[in-house]
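Each chain, written out:
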Amino acid sequence: DTEVTQTPKHLVMGMTNKKSLKCEQHMGHRAMYWYKQKAKKPPELMFVYSYEKLSINESVPSRFSPECPNSSLLNLHLHALQPEDSALYLCASSPTPRGRYNEQFFGPGTRLTVL
Amino acid sequence: DAKTTQPPSMDCAEGRAANLPCNHSTISGNEYVYWYRQIHSQGPQYIIHGLKNNETNEMASLIITEDRKSSTLILPHATLRDTAVYYCIVRLFQGGKLIFGQGTELSVKP
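Chains R and U supply the protein sequences, listed in that same order.
Going by the numbering used here, the letters in the first sequence line up with residues 1 to 115, in that order.
Going by the numbering used here, the letters in the second sequence line up with residues 1 to 110, in that order.
It should be emphasised that the hints constitute simulated quantities derived from the structure, not laboratory data.
Treat the hints loosely; a few may be bogus.
As the list claims (entries may be wrong) - Taking lysine-lysine pairs in the BS3-like style, the calculated list, with each CA pair at most 25 Å apart, reads:
no.	chain 1	residue 1	chain 2	residue 2
1	R	K41	U	K3
2	U	K3	R	K40
3	R	K18	U	K97
4	R	K41	U	K109
5	U	K97	R	K22
6	R	K53	R	K40
7	R	K22	R	K40
8	R	K40	U	K52
9	R	K41	R	K53
10	U	K52	U	K97
11	R	K38	U	K3
12	U	K52	R	K41
13	U	K3	U	K69
14	R	K38	R	K19
15	R	K38	U	K97
16	R	K9	R	K41
17	U	K69	R	K53
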């Protein structure tokens with residue numbers, strides 16, 4: 001299995017809702033990432049998990065809460081989002097967080113709309 | 001991480017080679033050049049990376065100048081499915097973030 005899967009593909013939520021995005025990989029990768037991509041813009045890194053521990057938080061607002069329950073799974077919990085948080089949320093994984101063979105493999109993304 | 005500069009858009013005829021340039025004049029000795037592409041509404045896809053030697057794989061070739069201040073990604077026989085945004089990224093060998101620049105939107109035309 002050489003895929004990164006993300007669910008759901010699309011999500012519409014109100015500003016008072018709580019929802020979660022899910023990302024899964026079965027490649028044995030030990031680093032996982034969350035990116036945010038607004039329309040017509042490049043992806044921007046949000047969080048990095050290395051060996052199931054949060055290693056990088058790019059000053060992301062606390063209404064986004066990441067979680068890595070095990071080495072194959074990465075969640076992004078959403079609460080009290082704003083309409084400007086509407087974007088494509090991309091998950092990625094890499095064999096290791098460092099070194100030569102750390103190419104990142106991306107999932108197809110979850111398109112989030114906040115009303 | 002060093003910044004990169006790419007042309008915002010390029011066209012290429014189907015079947016011809018697509019040569020995508022990238023400037024990274026502030027690159028340091030321990031930074032690699034990576035290329036990714038993003039086809040519309042999909043996640044970015046890794047293409048190739050290199051340090052100072054030219055590299056080739058089944059998707060593309062990467063030519064890095066001797067002073068390492070610029071590089072060119074070559075798709076030898078472009079197809080319509082190669083239409084995408086191509087990102088050139090410089091990152092540390094020891095890890096470091098993938099910081100995407102604005103990229104080049106490549107349109108392959110029949």
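Against the structure, the hints come out as follows:
no.: 1; hint: R:K41 / U:K3; in the structure: 16 Å, holds
no.: 2; hint: U:K3 / R:K40; in the structure: 19 Å, holds
no.: 3; hint: R:K18 / U:K97; in the structure: 29 Å, violated
no.: 4; hint: R:K41 / U:K109; in the structure: 23 Å, holds
no.: 5; hint: U:K97 / R:K22; in the structure: 22 Å, holds
no.: 6; hint: R:K53 / R:K40; in the structure: 31 Å, violated
no.: 7; hint: R:K22 / R:K40; in the structure: 24 Å, holds
no.: 8; hint: R:K40 / U:K52; in the structure: 31 Å, violated
no.: 9; hint: R:K41 / R:K53; in the structure: 28 Å, violated
no.: 10; hint: U:K52 / U:K97; in the structure: 20 Å, holds
no.: 11; hint: R:K38 / U:K3; in the structure: 20 Å, holds
no.: 12; hint: U:K52 / R:K41; in the structure: 29 Å, violated
no.: 13; hint: U:K3 / U:K69; in the structure: 11 Å, holds
no.: 14; hint: R:K38 / R:K19; in the structure: 19 Å, holds
no.: 15; hint: R:K38 / U:K97; in the structure: 19 Å, holds
no.: 16; hint: R:K9 / R:K41; in the structure: 19 Å, holds
no.: 17; hint: U:K69 / R:K53; in the structure: 35 Å, violated
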